[in-house]
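Student: Next come the chains, spelled out residue by residue.
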Amino acid sequence: MVGSKLIKKSMAGTIVLASILFFARNLLAADLSVNAIVEKTNHVAYYQGHDGRARVSMTITDNQGRKRHRLFVILRRDKEGNGSKLEGVNQKDGEQKYYVYFLRPADVNKMVFMVWKHLDTDDDRWLYLPALDLVKRISATDKRTSFAGSDFFYEDVSGRNINADEHQLLKVTDRFYVLKNIPKDPETVEFSYFTMWIHKKTFLPIKTVFYDKQGKEQRIYEDLQVGMIQGFPTVIKARMKNVKTGSETLMKYDRVEYNLNFPADIFSERFLRRAPRKYLR
Amino acid sequence: MKKHDQVEPGEPKLPLGLDFEEETLSAEQESLAPPGVLSGLAGFWDIRAGLRTQNDPFQKDASLGEIRLQLETQKNLNNLLVNLTCDFVYDPVFDHHSIYLEEGQGFVDLRETNILFSPVEFMDIKLGRMMNCDFLKTSGDTNWLPMVTMVSGKVRLVRILFPVGQSFRAFRYTVQVFGVS
Numbered sequence: 001m002v003g004s005k006l007i008k009k010s011m012a013g014t015i016v017l018a019s020i021l022f023f024a025r026n027l028l029a030a031d032l033s034v035n036a037i038v039e040k041t042n043h044v045a046y047y048q049g050h051d052g053r054a055r056v057s058m059t060i061t062d063n064q065g066r067k068r069h070r071l072f073v074i075l076r077r078d079k080e081g082n083g084s085k086l087e088g089v090n091q092k093d094g095e096q097k098y099y100v101y102f103l104r105p106a107d108v109n110k111m112v113f114m115v116w117k118h119l120d121t122d123d124d125r126w127l128y129l130p131a132l133d134l135v136k137r138i139s140a141t142d143k144r145t146s147f148a149g150s151d152f153f154y155e156d157v158s159g160r161n162i163n164a165d166e167h168q169l170l171k172v173t174d175r176f177y178v179l180k181n182i183p184k185d186p187e188t189v190e191f192s193y194f195t196m197w198i199h200k201k202t203f204l205p206i207k208t209v210f211y212d213k214q215g216k217e218q219r220i221y222e223d224l225q226v227g228m229i230q231g232f233p234t235v236i237k238a239r240m241k242n243v244k245t246g247s248e249t250l251m252k253y254d255r256v257e258y259n260l261n262f263p264a265d266i267f268s269e270r271f272l273r274r275a276p277r278k279y280l281r
Numbered sequence: 001m002k003k004h005d006q007v008e009p010g011e012p013k014l015p016l017g018l019d020f021e022e023e024t025l026s027a028e029q030e031s032l033a034p035p036g037v038l039s040g041l042a043g044f045w046d047i048r049a050g051l052r053t054q055n056d057p058f059q060k061d062a063s064l065g066e067i068r069l070q071l072e073t074q075k076n077l078n079n080l081l082v083n084l085t086c087d088f089v090y091d092p093v094f095d096h097h098s099i100y101l102e103e104g105q106g107f108v109d110l111r112e113t114n115i116l117f118s119p120v121e122f123m124d125i126k127l128g129r130m131m132n133c134d135f136l137k138t139s140g141d142t143n144w145l146p147m148v149t150m151v152s153g154k155v156r157l158v159r160i161l162f163p164v165g166q167s168f169r170a171f172r173y174t175v176q177v178f179g180v181s
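Protein chains in written order, with my numbering: chain A, 1 to 281; chain B, 1 to 181.
Quick caveat, the hints were computed from the structure, so don't treat them as lab data.
Note that the Cβ used here is the ideal one computed from N, Cα and C, for glycine as well.
Some hints here could point you the wrong way.
[As the list claims (entries may be wrong)] Cross-link-like lysine-lysine pairs, in silico, BS3-like; alpha carbons within 27 Å at most: (1) B:K75 to A:K67; (2) A:K180 to A:K40; (3) A:K200 to A:K237; (4) A:K79 to A:K216; (5) B:K75 to A:K244; (6) A:K244 to A:K201; (7) A:K237 to B:K75; (8) B:K13 to A:K171; (9) A:K67 to A:K207; (10) A:K136 to A:K278; (11) B:K75 to A:K241; (12) A:K40 to A:K200; (13) A:K40 to A:K278; (14) A:K216 to B:K75; (15) A:K180 to B:K13; (16) A:K201 to A:K241; (17) B:K13 to A:K278; (18) A:K200 to B:K75; (19) A:K237 to A:K67; (20) A:K40 to B:K75; (21) A:K244 to A:K278; (22) A:K201 to B:K75; (23) A:K67 to A:K241; (24) A:K207 to B:K13; (25) A:K184 to A:K40; (26) A:K40 to A:K237; (27) A:K40 to A:K67; (28) A:K110 to B:K75.
[What the hints assert, rightly or not] A short list of chain A residues far from chain B (calculated; beta carbon distances all over 12 Å): (29) R66; (30) K67; (31) K79; (32) D107; (33) P130; (34) R160; (35) Q168; (36) S192; (37) T195; (38) T202; (39) K207; (40) G227.
Just chain B, same shape as in the assembly (with noise of 0.2 Å):
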């Protein structure tokens, strides 16, 4: 700030940094980011409870007692990347803790574990366990699935999804374009 400046009332006061000539303005910045952040490794920690308010005498008084650990990670390996989500849920109020990944229960819950690589520029294709896309009914469960996403001239984004039922006789298809500019 120049000292002739005259200052009016309800004026701001000038940031840090403008308050010196244009060349001294300095690039200088903290670091914002917590150890860990990108590093590959994120996770989050989930307790729910819950009790009945009335008497029901063929349930537990309990009736949610969630404790859930999501940890993720991501690796680029020679441009595959390779996705894994698992959920380490325990839930006292359930009386079965046995492990069935294909139906997300039990205390382990694989939620992704996949590749995804792009074999040629205009198409993706990812591989494994995976969130079901929103254009199935489903959405928010998982599957094991192959995947092709295309990228071509004026079709912005056509999804090719398999998805594979408990049978592989029950093998379908669906074909979604996204968009046609």
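This is chain A alone, in the form it adopts within the complex (with noise of 0.2 Å):
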């Protein structure tokens, strides 16, 4: 009887103990996954290729249907990093220089944006204004404010830092992974979390929704139509829309190109006055 009991007493535990092994491995697992998802997005975001060029026009419609167009291009250089810092992910995206040239409306023509993108610090940003021929830096709290008048902010232009919010997958569908987005630091944005459709085959957002600190929809980005351009996944086109307001946005890029080995130098305060005309084209 006693040693019926002893082996029941030592199966008890064995069973407890797997199943304590088990869902730790799973929850181990899950939280990989989920910085896995959180990397891979932001690289197919923001990463691809180690720089590129797109036109872009915009097109904003306010809630009475006025709408105003902005046209510009986007240079883009990338930097490899060290690595990332979160666990179980060997990204190294690292240190990135966006030079956005403004062509209409001709009123700010030759107006350019320039941000150098850092992970630790807080990123570095100009705005020169050719009618003035001042360069003007931006203060980097500005980050979370329209960018050109727009419904899209600085920062959804040239990418949220991932290390500045807890993510938390809410679940998986056939098609996509839907990460919740909680910033770390709430008292630096006007929302208190976001959520992210994410497809599974090519991890580009479908879908953001941001959401007001009494939980309320506040912003919401969509994805309206991708194409494969030099093997790359690529957004061509996005619609940003703001519920509070009633505006939206909508983004359309042309003469996407990946990989054209711009200098370094471009990027640099000398070239805000004298654009870099040859690789605007």
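Hints given; two lone chains; assemble the complex.
Tutor: So, in structure tokens, the structure goes:
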């Protein structure tokens, strides 16, 4: 009797231990996969190729149907990083430089917005105003304000630092990973969290919804058209809706090209005043 | 999309181009630029008007009636960049319409007429009429001046500006170091 009790006890112990190990392993696996999803999505959204160029047409429609247009060229150049800070991920996406050259409307022709995106410190941002021949440094705290009067924010254009949020995998469907991203420092942002629907096959973020402090929808981003360019799945039409103001911005991309080998020095103050026309065509 | 994929409530529609298998994704893109973009000529038309809300026996009823057409062009000639920007202005409230290029008065306001070239890799030279630079207090004004910009070694940008005033005897220069990395 005593022997059988001992066996039962030890069996029960083994089952409990096995269950703990099983769930712990699953939890760990889930955690790793969240990081991997976040890294891959960030890579697909902002880091494809070692550099790239796109011409972007923006149509901003306010809540009364009035439209405004913007046309600009974006150049991007990446620097290889030291690897991710997220556990279990080996992506080497590092610092980036962006050069945004405005063509239309004509009164902002030749205006330039430049970003040096850092991973550990605040980004450096410049705005060049040709009518005044003025180079203006933009405060890093302005990154969550409107980009060129649109419903996109500066940070939507150059990408939000993935280390700034806690990431949770809400669910996995046949086609999507659904992530919830909660800011680590809520005082610095206007939203309480945002969800992302990430296409499982391409890791493109198809839909992103920002929620305000009351948990109501604030801004909704959606991909409308995707193309395969030089082997990279690329968004060529996207929309950002501002639920609060009723306005929306449609962004269309053309002349998208990757791996053009831009020289490093065109992303400098010197080339704000003297646009690198060869690379903007 | 595969036929057996389940679509959950609230799930977004797949964008155009992802409805198909990856191999059929299209790289076709429409051209977004209106004619004229990057052809070198740009410009805008600006009309402003203002009326006084109170009677002033010494002033006209209209306080402003400005019509402005700005045209600008850039041409690249054998590594020589030519910039030309000119405003055509008419303001009926003003009584004088004679052209004084130096002061930027009259119906023609020549804002920029300059050439930019790089004799050596680390140096840009801009010669002609241009906007005064941001580090001068008179930012926004135009003037005839040569400017040399140099980038070398650890110094990111050095700009040497030689503003030439009304008289060449008032010749002075400014050196600006924009940052040392």
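Student: Please verify whether K136 of chain A and K278 of chain A have alpha carbons no more than 27 Å apart.
Tutor: holds, 24 Å
Student: Verify that the Cβ of K67 of chain A lies farther than 12 Å from every Cβ atom of chain B, and report whether the claim holds or is violated.
Tutor: Non-interface label stands for K67 of chain A: nearest chain B Cβ at 14 Å, farther than 12 Å.
Student: When you look at the beta carbon of D107 of chain A, is every beta carbon of chain B farther off than 12 Å?
Tutor: The claim is violated: D107 of chain A sits with its nearest Cβ about 5 Å from chain B, within 12 Å.
Student: Straight-line Cα separation of K237 of chain A and K75 of chain B no greater than 27 Å?
Tutor: violated, 32 Å
Student: For R66 of chain A, which was marked as not at the interface, is the minimum beta-carbon distance to chain B over 12 Å?
Tutor: holds, 18 Å
Student: Going straight from one Cα to the other, do K79 of chain A and K216 of chain A come out at no more than 27 Å?
Tutor: violated, 38 Å
Student: Please work out if K201 of chain A and K75 of chain B have their alpha carbons no farther apart than 27 Å.
Tutor: Distance ~46 Å between K201 of chain A and K75 of chain B Cα, so the pair is violated.
Student: Is it true that the CA of K201 of chain A sits at most 27 Å from the CA of K241 of chain A?
Tutor: Between K201 of chain A and K241 of chain A the Cα gap is close to 25 Å, so the pair holds against 27 Å.
Student: Would you mind confirming whether the straight-line C-alpha gap from K216 of chain A to K75 of chain B stays at or under 27 Å?
Tutor: Measuring from Cα to Cα gives roughly 52 Å; hence the hint is violated.
Student: Need the status of pair K13 of chain B, K278 of chain A: alpha-carbon distance at most 27 Å?
Tutor: Not OK: K13 of chain B and K278 of chain A at ~39 Å, beyond 27 Å, violated.
Student: Going straight from one Cα to the other, do K67 of chain A and K241 of chain A come out at no more than 27 Å?
Tutor: holds, 14 Å
Student: Assess, step by step, whether the Cα of K244 of chain A is no farther than 27 Å from the Cα of K278 of chain A, and give holds or violated.
Tutor: Violated, because 41 Å separates the two Cα atoms, which is more than 27 Å.
Hints 1, 4, 5, 6, 7, 11, 13, 14, 17, 18, 20, 21, 22, 27, 32, 33, 37, 38, 39 and 40, counting from the list given before, are not met by this structure.
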